[in-house]
Amino acid sequence: MLSEALNAIRAFMEQGGEILFLLLGVTFIMWVLIVERLWYFSLEYRKQKSRVVEAWESRRERRSWYAHKIRTAMISEVNHDLNKSVNLIKTLVALCPLIGLLGTVTGMIEVFAVLGNTGSSSARAMADGVSKATIPTMSGMVAALSGLFLSTYIERRAKRESERLEDSLTMDH
Amino acid sequence: MKKFIATAAIVLAGFSVTAQAQQADLDALLKKVQDGTLNEEAAHKQREAEFRANQAQQQNLLNAERRTTAQLERESARLEEQRRVNEQEITNQLEIQRNRLGQLQELFGVLQQAAGDARAVISGSHVTIDNPNRMDPINVLVAKAADDAQLPTIEDIEAWPAQMLLEMIGSGQIKTFQHEVGRNDGNKEVIDLTRIGDFGLVGNGRYYTLTNNGDVQELARQPSGRFTGTVDGFQSASSGDIVGLGLDPTRGQLLNIEVEKATLEDHLANGGPIGYITLGLGAIGVLLAVIQWLYLFVVGGKVRSQIRKDEANTNNPLGRVLAVYESNKNVDVETLELKLDEAILKETPALERFLTVVKLISAVAPLFGLLGTVTGMIQTFQAITLFGAGDPQAMAGGISAALITTVEGLVVAIPTLLLHSFVSGSSKSIIHVLEEQSAGIIAVHAEKEGANA
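Chains as they are written, first to last, in the working numbering: chain A, 1 to 173; chain B, 1 to 453.
Be a bit skeptical, because a hint or two may be false.
Far from chain A by the CB rule (all over 12 Å, computed), these chain B residues [to be verified]:
id, residue
1, R84
2, L151
3, Q178
Listed below are the simulated SDA-like cross-link pairs for lysine to any residue, each with C-alpha atoms no more than 25 Å apart in a straight line [to be verified]:
id, chain 1, residue 1, chain 2, residue 2
4, A, K90, B, L287
5, B, K339, A, Y66
6, B, K428, B, L345
These are computed hints drawn from the structure, not numbers from a lab. Heads up, the beta-carbon is just placed ideally off N, CA and C, and yes, glycines get one too.
So that you can see chain A by itself, here it is in the shape it has in the complex (with noise of 0.2 Å):
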């Protein structure tokens, strides 16, 4: 079963040439970096968050311009811990569809190539190039569309987690 399922793989990747690999490659980074972010979330950030409010409440006054300061710089260290690489992710989805471009294109100069030094339109000449054509756009596609859901989710957490961050640090005390 296992082994049919990696011979299947096997076989779409040498269908769809190189360029895969490359997909394949930039896919697994995409997702190691969102699993590495939904991680965090759900486990760093609260230990963080109360960290942080804690040092906010524990201070003798809150009202002066230092701690005004003091609580921005606080609040941008928070942000920057939860926007880190959130922007590398949404540049790899970007990447996706342009690597299944990549690998179409050299498909398609494949296909001509055989046309041109052949002569032929014979479907089995070019079928190797016809398959290298189609499919890194459709893989470049769905790589982008797996990350592009959780991407956003990411972004939206991050920036909903800041605001609730500043509403946490009051400073009428």
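Given chain A, work out where chain B should sit, using these hints.
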């Protein structure tokens, strides 16, 4: 007036002198012609007399010729009759032959066809290289089978299964022998050539191919080193060893496709000037991004160590902002904020250097690629307008070349986009520290000093 008359008189005198001389010439000519006419008349009369004397002889000659014609016409009719009779005889004899051959007629038809097929197989087979002269018996068989006048003998027919057997044995054996090969530089040399069944020829670390006229020629472009590297090990292996060899199971078709495949240089040449511009922009973009990334890496390290230290060090942006605070410790907070903003504004351009250029290149490269593709397509379609769409080869080659620039555009856009994302990430994190945390760091320092004081 006098002068004119005198001149006219002189001209007239000259003219009359010339006219006198011409008159004398014409008289002489007339006399000559008259003499000539007299002479000719005499000759004619003489010739007429001769003809009259010979008239009887001419008549005799004519009669003789007429007799000969009649005789030849009779002979011709006789031969015509003979030919007709012979033709009838040939038809009869052929009918008799057909009757006597009976089923054998079909047998020889099949034999001729099979022998023709065998000749095609053998002439294109690698086995023929080390078994020369095996074409002759097959050629004799095919010639006799096709001829009405003679039948192939049993020896002739036996050549066919013998050659097919040789073909079968030969296509199963791996054989090394000395043979003359043609090199790509036009010279010929004798090398140890190894024939692998009927599949291919290797030797001397190269692949060879069998040309249509039976010569062995080096492959115009050798396959990659992954394959050619296996040849020497294969040739030097002794019997019983198991060694790997890159083999073309299609008897040379795949190797020929390999020869026709465009190399990287061909692709670059197809891309044309637009392709080179795109790649040049890409190289500039990557270079600038890497330079800025290294710079930001160094600066980022210094800024992080500055956050941990108390005294301001002016070798980094954050240190310079903190130094502004240290030299303005006694001013009120609003003035201090303005001064800090000014210091931060001064630092940002160096941190954001090259970023716009890299972003621009990553956006422009695919457009350049599209431009190159469209111009290539225009050229292709112009060629179609001129020469018609009858030649898909020319059209497909043009389209394939036109698409190269799109590939080059994407090849530039993908790494520059990724690098821009990395570099702008590290640049933003430093600017973040400067804009939002420097005031906080100053506040912490001030409170510490206040607590100590």
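Results for each hint:
1. R84: holds, 55 Å
2. L151: holds, 43 Å
3. Q178: holds, 35 Å
4. A/K90 x B/L287: holds, 23 Å
5. B/K339 x A/Y66: Judged against 25 Å, a Cα distance of about 16 Å means the pair holds.
6. B/K428 x B/L345: This hinted pair holds, its Cα atoms lying about 14 Å apart.
This entry satisfies every hint, going by the numbered hints stated previously.
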